[in-house]
Amino acid sequence: MPSETPTKRSAAWRFKRAFESQQLGIVFVLIALVIIMSIVSPVFLSPRNLSNVLQQISTLGILSMGMTVLMISGGIDLSVGSCISVVAVVAGMMIKAHLPAELAMVVGLLIGCSIGLVNGLLAAYTRAHPFILTLGTMTFFSGVAVYITKGFPITDLGKRFEWIGSAKVWGIPFIVILFFVVMLVCYVLLRYMRTGRIAYAIGGNEYTTYLAGVPVRRYKILFYVICGFFAGLAAVVLSSRISSAIPTMGADYTLQAIGAVVIGGVPLTGGRGNVWGTLTGVLLLGVIANGLNLLHFDASIQYMLTGLIIVVAVILHEQRSRR
Amino acid sequence: MSSEIQNILEIRAVSKSFSGVEVLHSVDLDLAPGKVHAVVGENGAGKSTLIKILSGVHRRDGGTIAIEGRPVEALSPHIAQSLGIVTIYQERNLIPYLSVGENILLGDVPTGRLGTVHWKRLFERAGEILKNLNLDLNPRETVVNLSPAEQQAVEIAKALYKQARIVIMDEPTASLTAAETKNLFDLICQLKGRNVAVIYISHRLDEIFAIADEVTVLRDGSRVLHCPIGEVTKEQLVKAMVGEEVTITRIAEAAAAGELLLEVQGLTRAGAFEDVSLRLQRGMIIGLAGALGSGRANVLRTLAGIEPVSGGKIILNGTELQGKGLTEIIERGICFVPAERDQSGLILSMSVAGNTTIADLDAVTRGPFMDLGRERAVAQKCVRDLDIQAKSIYQEVQYLSGGNRQKVMLSKWLARGLEVFLLDEPTQGVDVGAREEIHQIMKRLLDEGKGILMVTSDLDELMNMSQFIAVMNRGRLVAYLDAKQTTREEVLSYAIGNSN
Chain A
1 MPSETPTKRS
11 AAWRFKRAFE
21 SQQLGIVFVL
31 IALVIIMSIV
41 SPVFLSPRNL
51 SNVLQQISTL
61 GILSMGMTVL
71 MISGGIDLSV
81 GSCISVVAVV
91 AGMMIKAHLP
101 AELAMVVGLL
111 IGCSIGLVNG
121 LLAAYTRAHP
131 FILTLGTMTF
141 FSGVAVYITK
151 GFPITDLGKR
161 FEWIGSAKVW
171 GIPFIVILFF
181 VVMLVCYVLL
191 RYMRTGRIAY
201 AIGGNEYTTY
211 LAGVPVRRYK
221 ILFYVICGFF
231 AGLAAVVLSS
241 RISSAIPTMG
251 ADYTLQAIGA
261 VVIGGVPLTG
271 GRGNVWGTLT
281 GVLLLGVIAN
291 GLNLLHFDAS
301 IQYMLTGLII
311 VVAVILHEQR
321 SRR
Chain B
1 MSSEIQNILE
11 IRAVSKSFSG
21 VEVLHSVDLD
31 LAPGKVHAVV
41 GENGAGKSTL
51 IKILSGVHRR
61 DGGTIAIEGR
71 PVEALSPHIA
81 QSLGIVTIYQ
91 ERNLIPYLSV
101 GENILLGDVP
111 TGRLGTVHWK
121 RLFERAGEIL
131 KNLNLDLNPR
141 ETVVNLSPAE
151 QQAVEIAKAL
161 YKQARIVIMD
171 EPTASLTAAE
181 TKNLFDLICQ
191 LKGRNVAVIY
201 ISHRLDEIFA
211 IADEVTVLRD
221 GSRVLHCPIG
231 EVTKEQLVKA
241 MVGEEVTITR
251 IAEAAAAGEL
261 LLEVQGLTRA
271 GAFEDVSLRL
281 QRGMIIGLAG
291 ALGSGRANVL
301 RTLAGIEPVS
311 GGKIILNGTE
321 LQGKGLTEII
331 ERGICFVPAE
341 RDQSGLILSM
351 SVAGNTTIAD
361 LDAVTRGPFM
371 DLGRERAVAQ
381 KCVRDLDIQA
391 KSIYQEVQYL
401 SGGNRQKVML
411 SKWLARGLEV
421 FLLDEPTQGV
431 DVGAREEIHQ
441 IMKRLLDEGK
451 GILMVTSDLD
461 ELMNMSQFIA
471 VMNRGRLVAY
481 LDAKQTTREE
491 VLSYAIGNSN
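Chains A and B are the protein sequences, given in the same order. Residues 1 to 323 in this note's numbering are what the first sequence lists, from first letter to last. Residues 1 to 500 in this note's numbering are what the second sequence lists, from first letter to last.
Careful: at least some of the hints might be erroneous.
[To be verified] The calculated label-pair distances, taken between Cβ atoms and stated as ranges, are: (1) A:Phe131 / B:Leu106: 28 to 36 angstroms; (2) A:His129 / B:Ile79: 54 to 62 angstroms; (3) B:Gly373 / A:Val314: 33 to 41 angstroms; (4) A:Val314 / B:Arg70: 53 to 61 angstroms; (5) A:Leu24 / B:Ile315: 36 to 44 angstroms; (6) A:Ser41 / B:Glu22: 31 to 39 angstroms; (7) A:Met304 / B:Arg121: 35 to 43 angstroms; (8) B:Ile79 / A:Leu24: 34 to 42 angstroms; (9) A:Leu24 / B:Arg384: 32 to 40 angstroms; (10) B:Ile79 / A:Ala128: 43 to 51 angstroms; (11) A:Leu308 / B:Ser310: 51 to 59 angstroms; (12) B:Arg70 / A:Leu24: 24 to 32 angstroms; (13) B:Leu106 / A:Leu24: 38 to 46 angstroms; (14) A:Val314 / B:Gly107: 57 to 65 angstroms.
[Unchecked claim] One-sided and incomplete, this derived list gives chain B residues near chain A with beta-carbon spacing under 10 angstroms: (15) Glu68; (16) Val72; (17) Gln322; (18) Leu326; (19) Trp413.
Because the hints were derived from the structure by calculation, they are not lab data. Every residue, glycine too, gets a C-beta built ideally from N, C-alpha and C.
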């Protein structure tokens with residue numbers, strides 16, 4: 001009987017399970033990359049550069065954590081990049097209209113939630129696939145961001161707004177702390193909260209979850225709002241860091257975030273995955289970007305490498321789930 | 001004809017291990033042309049492994065396979081097909097958006113001069129094959145529009161077209177009604193008439209007695225019994241499969257008493273059924289019989305709040321319920337256990353614990369937070385009470401056997417103190433042992449004063465487990481029978497009959 005088999009083998013079996021379920025393969029790739037980089041480039045391991053890497057990944061990290069929650073629940077949001085652009089330019093315009101920076105931030109977060117709400121309502125109340133729905137809202141909101149700015153960037157957002165992006169707490173950049181707080185929140189949400197449990201359930205089997213009496217629609221909307229909120233937060237962090245709002249600034253982030261989540265082991269169908277996987281994915285993308293930068297490679301190489309890693313990671317995950 | 005009847009297939013001492021665990025121990029099996037050989041056994045007995053070795057999906061570790069006396073070395077799906085071995089799996093293998101004709105002639109489509117498909121000849125040929133089998137099917141029809149039974153018939157036609165000499169059928173009647181099963185048996189008889197050998201795998205023993213010539217029982221990967229079907233009784237088969245005596249639960253004799261629990265008055269769901277009235281008392285089980293499409297499953301789904309009510313009343317414990325949504329109906333004490341276990345009854349990627357608590361998260365949460373300690377306690381109790389075989393409560397449900405999955409699916413409703421259980425095919429695809437355990441669970445629910453409304457296509461289950469049998473035919477309740485005083489024939493005549 002199955003209950004008796006794994007006594008002798010259990011250590012090896014457990015290791016194998018851990019290897020497969022914790023995405024250790026990707027962790028090894030990350031470690032190997034760090035080792036190679038530290039040999040090839042002497043500055044890579046310097047505190048300054050490491051701090052730099054962490055700051056660079058914070059925006060993507062915050063965005064990817066929201067995406068992790070959403071994708072575990074079986075959803076997907078292609079519009080987060082456009083959401084970042086809209087939030088940033090609206091906040092930028094408010095500051096230029098001499099409204100307080102704090103208000104601009106709060107409004108930015110609310111806009112993020114609202115765009116999430118739109119996506120959530122569409123995903124919950126129509127039978128269309130969210131991939132296509134959010135492809136639509138992505139295009140729509142990218143148009144909105146260009147329309148309201150007439151395509152011009154907004155620069156020099158002022159000291160108060162820049163504080164988030166430049167402040168340090170005990171020598172650690174504030175946005176890095178913010179990223180880790182966001183990760184912790186998502187970790188607790190997914191691991192210890194009812195909402196997280198329902199995210200896994202809906203991603204695992206939406207209909208079963210509905211039959212169990214869970215108000216599935218309400219939760220689906222909530223997950224899109226969560227994702228939108230973190231997209232709004234990512235927008236505030238990003239525009240504060242570079243002290244400007246560009247109507248196309250979010251465009252690259254959508255696929256990077258989805259890539260990080262997928263590298264981290266969340267399948268497109270949902271139901272599996274965790275924040276540690278996504279953290280690995282985000283770090284991997286961050287180290288590649290930073291490393292290639294240090295070695296003076298062209299940005300195009302970064303795209304090519306990132307693409308390769310996403311493909312390899314997805315193939316690995318797919319093979320794991322086949323067995 | 002040669003002087004003696006030669007076996008078309010001889011399997012000798014075939015064994016197979018998966019990651020060090022031997023799942024087939026030196027199994028023998030002979031197959032004579034024109035005969036039906038039933039292979040039975042509980043889930044995990046090795047039936048599917050054996051089929052997969054024969055159809056070339058798995059490689060055997062040892063033993064020999066000979067076809068018409070010639071030994072076969074390596075088998076791949078392709079080689080198996082060229083040897084005339086065709087497997088008809090539970091999940092259909094037709095291409096849904098192609099026509100019947102294209103599916104039958106797939107891989108051998110007649111082409112015209114320019115290499116284009118010669119449609120006329122294709123449909124003519126397919127039509128001939130269908131006609132030879134007495135099948136009333138249009139070769140131009142798209143497969144996705146066919147019923148499961150018709151799709152199966154197409155697969156058999158396809159097998160014949162490919163000159164199959166050995167046809168393997170895995171649970172072919174799992175989604176068929178009684179009438180469709182009869183048609184399938186006619187087709188199998190035609191296969192026999194053409195000297196095709198059939199390996200027939202089924203959990204339904206009465207079918208095996210109806211169609212098979214000989215039977216092989218597998219248990220834990222070994223052959224424990226092989227004999228002509230005439231030399232064995234149903235009880236002996238069950239004993240061989242399970243390895244011990246099984247007492248069959250019978251509810252039918254038990255006296256139903258208790259106060260009125262659920263009253264259904266003139267319930268109607270437009271387009272599915274109309275004017276259905278039932279009175280379910282505490283400790284009572286009513287079996288809903290009828291052909292597929294008779295509306296019996298719709299009744300359950302409407303009572304559960306999944307399908308909308310068009311008219312009539314649902315009264316639970318004196319309170320009217322119609323118009324309430326699914327969530328509220330569960331809160332009032334009615335739950336629905338669907339037939340499609342893996343598609344709508346379980347979250348396969350989730351742990352046993354997660355599945356047992358998903359319907360009652362209030363019991364395992366404190367405010368917005370999960371109480372993981374409580375959850376562990378609840379899940380462990382479920383596993384213990386229902387004897388669910390799992391490595392741990394954190395094992396994903398997809399790694400459990402069918403019977404254990406079925407129990408996990410039931411378990412999420414048992415802890416909640418609900419009153420009415422709507423069970424749709426509660427033991428579909430479940431082996432004899434687990435089936436008995438599920439029947440015991442149902443009996444326990446009745447003893448606790450719950451009520452059960454059950455839809456089942458399994459006549460044994462219907463007759464043994466119901467106290468009353470409500471027969472539906474084309475959306476109407478045509479008979480309400482006392483299980484003690486009725487017969488299978490009477491139930492079937494109401495279910496299939498045209499007159500009311």
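*Just pull the numbers of the violated hints for me, sorted ascending.*
Per hint list: 2, 4, 5, 6, 7, 12, 14, 15, 16, 17 violated.
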